[in-house]
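Visitor: In case you want the letters, here they are:
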Amino acid sequence: MKISIDQKLIPIIVIVGGGVLLLVSFGIRHSFGLYLLPITNHLNTGREVFGFAAALQVLMIGIGSPLFGALSDKFGSGKASLLGIALVILGLAWMANVQTTFDIIGAQALCGLGAAGCGTAVVLGAVGRSVKVENRTLSLGIVMAAGSFGQFAVVPFTGYLIEIVSWSQSLVYLSFFAAIMIIFSYALNFSEKSESSKAGSSQTIKEALKEAFQSKSFNLLTLGFFVCGFHVTFVAVHLPAFIEDENLPFWVGGWALALIGLFNIVGTLYFGYLGDRLSKKNLLALLYSLRSLLFLVFIFLPKTELTVLLFACVLGILWLSTVPLTSGIITVVFGPYYMSMLYGIAFFSHQIGSFLGSWLGGRIYDTYGSYDLIWWISVALGFIAALMHMPIKEKAVQRFANQQI
Amino acid sequence: MAIIIAAIALLLCWLWIEITLFLINKNSRELDNTKKVSYAKFIWVLRSIIVLLFVITTIYMYFFENIRLQKAIEYCLGIIR
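Protein chains in written order, with the working numbering: chain A, 1 to 405; chain B, 1001 to 1081.
The following block holds chain B by itself, in its conformation from the complex (with noise of 0.2 Å):
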């Protein structure tokens, strides 16, 4: 059921991301953009890290105790408690 729902919230953010993209750069097609990182490149880029971190993150959380990760995640944020 965590997965589920963490997949769900990951999959509405990510569409908020692509939507926005695509907008912007159908929106500055016009100017000189040829320098600069083509969107088609940057966009796979960034979906491949999103899976990859989401693989890794679930998996950990599946097989390795959560309140490990939530520790560890806490202490990198710096919370002291």
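In isolation and in its complexed conformation, chain A is listed as follows (with noise of 0.2 Å):
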């Protein structure tokens, strides 16, 4: 059935549909770690298999999103994320059943891989493709900040869940919640019917990894995206300990938290708005840079009350601001055809700084007895990765110039 639709109205439906998508698969996917202690006294299980799973379902997000990416541009958005809300379902499903510990860990990677369909790879690729270049960085924000509410949103209502029914039966809900994706994920495919959607077209898949792999500004913003998931995984994961070392009271954990969460919706639009008027690298430079001072200035500062809360603040404006921008930089550069295929590659850099920044912080503090050498780490890759968007070309590649002319 062919459905003809107003030009006008296919950014609107593309942008509450992937919004949808990443609310509802961030929030799923942020509420694993409820399962962690139910599952791991099922099983009978330190919790070692459990965090081996989670770390695996984070690296299989990295692996599949580029997958995913090329998949979705390929045979389109839409038939990408429904393939990605299967496979999160039947995680869901194979994870409420499980027996063994090879169970659990399969789960884990099915679901990861699934959340990478429909993930951002996917959904900013579909996103880029429809809306105009004048806000397009905004629109790329605003489907952001939905994934950022879906995981302070659907994390609290699926600890409820856990406690009203078992943790088993949660999760089979948690799968019907999922499927309420497929619905939207049909929303994605008017992004190939959008008029901006067919600029680069005529390139193949081959074509495009090796333009991409040969641009200079290509491979340091995909080592830049590497700085970004190394600072927020660490800080996510440590950050709680480190409050707790510093003898604060008690409810600034959860107030510092909060904060962050809060200003992450705020500056992921934030920085869509500003990314649209300004300079989208120059802007990530700054970024990255902010988060070297802001990390310094907290080594320094006495650690009170209220250090810690504005730390929580400024740093949830520059947590997940770096995601707009860097989608927005390759959609500028190399259009919005492969957009997702590549994001998807950048993001698996990410993963890899995800992976290390979590890792390594553990491994330091276990060594040293304090953060101090990350913390000093964290700075220094922050200005590094400053100084590498300096040199990123922020215009169209050749080949995408010559097909707007």
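Some hints here could point you the wrong way.
[As the list claims (entries may be wrong)] Residues from chain B that keep clear of chain A, each with C-beta distances beyond 10 Å, as calculated:
no.: 1; residue: I1019
no.: 2; residue: F1022
no.: 3; residue: A1040
no.: 4; residue: W1044
[Claimed, not checked] Covered, in the sense of this in silico footprint (three residues per stretch, anywhere, with C-beta under 8 Å from a C-beta of chain A), are these stretches of chain B:
no.: 5; stretch: 1002 to 1014
no.: 6; stretch: 1046 to 1054
[To be verified] Far from chain B, by Cβ distances over 12 Å, these chain A residues were calculated:
no.: 7; residue: S215
no.: 8; residue: L259
no.: 9; residue: L278
no.: 10; residue: I364
no.: 11; residue: D366
no.: 12; residue: Y371
What the hints contain is simulated information worked out from the structure, not anything from laboratory work. Since the model is a prediction, treat every value here as computed from it, not as a measurement. Note that beta-carbon positions come from the ideal geometry of N, C-alpha and C, so glycine has one too.
With the hints as a guide, bring both chains together as one complex.
Guide: Listed below in structure tokens is the structure:
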């Protein structure tokens, strides 16, 4: 059945569909931590098994992102996300019936792969293709903000669900909740009907990959995104323990994390808005520098209630704001046609950074008994990332520029 | 006390957002912004979001157990102890 639709409505449909998709998928993915204790108790194993499964899930998102990105660019974002949703539902059903350690590892890997299919690479690609260049970065920021909101709205809801029904039954309900995404994935199909989606369509995947890897700008952007993953995961995993070590009142940890979450939503919109008005690569350089300065100030500043909460607010603004800017640059330079795949590759680098940030943080703390060294590494990496963004050329490659004329 | 300190931190940070957005809007007026989302519209949406989220968080912190929210947010951020 062919549906004809007003070109003006396409961006709104895709943004709403993509926003809901990220809200649900981010929400479900971040709820998995709640199952650590019940599943560990059920399997009668140590926490290491679940920890390994969760780490594998994160890695699978990174591996799956470029793959689903390529599928999305080749066969359509709607179809790629539908496959991802199916994998998430299967993974959740498997997780609800775990009997062995293999089950939990397999279920988490499946959920991770599926989450890549209905995650940022596919959704941002669809949004990037649908919206006009004037408001593109803001639109990418809006869908990311919806995803951020999902993290903070779905998780407490899942927590209550586990309390009301059993953990196993709650996973069944969660798979019904995931099924909501099927309806909204249809909206992503409209991205192919937009006028701006045609740019760059004459290129093959192989040619697109070759062009991207030969581009200094793409390589620098991908390396910079590694630092983003490193910072975000290190702080997320180790900040509560760091606050506890400083002997601050109990309520500070809760409020600090709440303010990070709150300003994360605002910050993504804020940088999305700025990205349409100022140079995106300069904003990214500023963002990474601000992160380093923030860490630097935090190292030297006395840790009081107010300084910790201020740190949390500023950190929240800088938290996921890199995403609309990074994906925005990819669209500007290479065009929207292969954006999902190329963003997926950059995101893979982000996930490796995430893994290292989490692991090195713990390793250095265990070795030296303090987080000082890892804070300094974070400061240095931030400034290096800022410098790496300076030579990025934020203009279309020759092939795409010729097509635009 | 907790809410007052959190509100001060939020206001200080919000001040920074307001000032930077105002200055950037002022300096980019000469560019062709007709097709872009207007500054006035955007800033009011952003203000509404921050007020709404802060009120919800405060209510939750005040009426429910702080530890429950903290645990939930820790899970959100991928923290597994």
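Visitor: If a hint holds in the structure, say so; if it doesn't, say that too.
Guide: Verification of the supplied hints:
1. I1019: Its Cβ never comes within 10 Å of chain A, the nearest being 12 Å, so this holds.
2. F1022: Non-interface label on B/F1022 holds, nearest chain A Cβ at 12 Å vs cutoff 10 Å.
3. A1040: holds, 12 Å
4. W1044: Non-interface label on B/W1044 holds, nearest chain A Cβ at 12 Å vs cutoff 10 Å.
5. 1002 to 1014: holds (count 8)
6. 1046 to 1054: holds (count 5)
7. S215: For A/S215, whose nearest Cβ neighbour in chain B is about 27 Å away, the distance exceeds 12 Å, so it holds.
8. L259: Check fails; 7 Å does not lie beyond 12 Å.
9. L278: A/L278 is in fact no farther than 12 Å from some Cβ atom of chain B, at 7 Å.
10. I364: Holds, since 17 Å exceeds 12 Å.
11. D366: holds, 15 Å
12. Y371: Nearest chain B Cβ is 15 Å from A/Y371, so the label holds.
Violated hints for the displayed structure, listed by number in ascending order: 8, 9.
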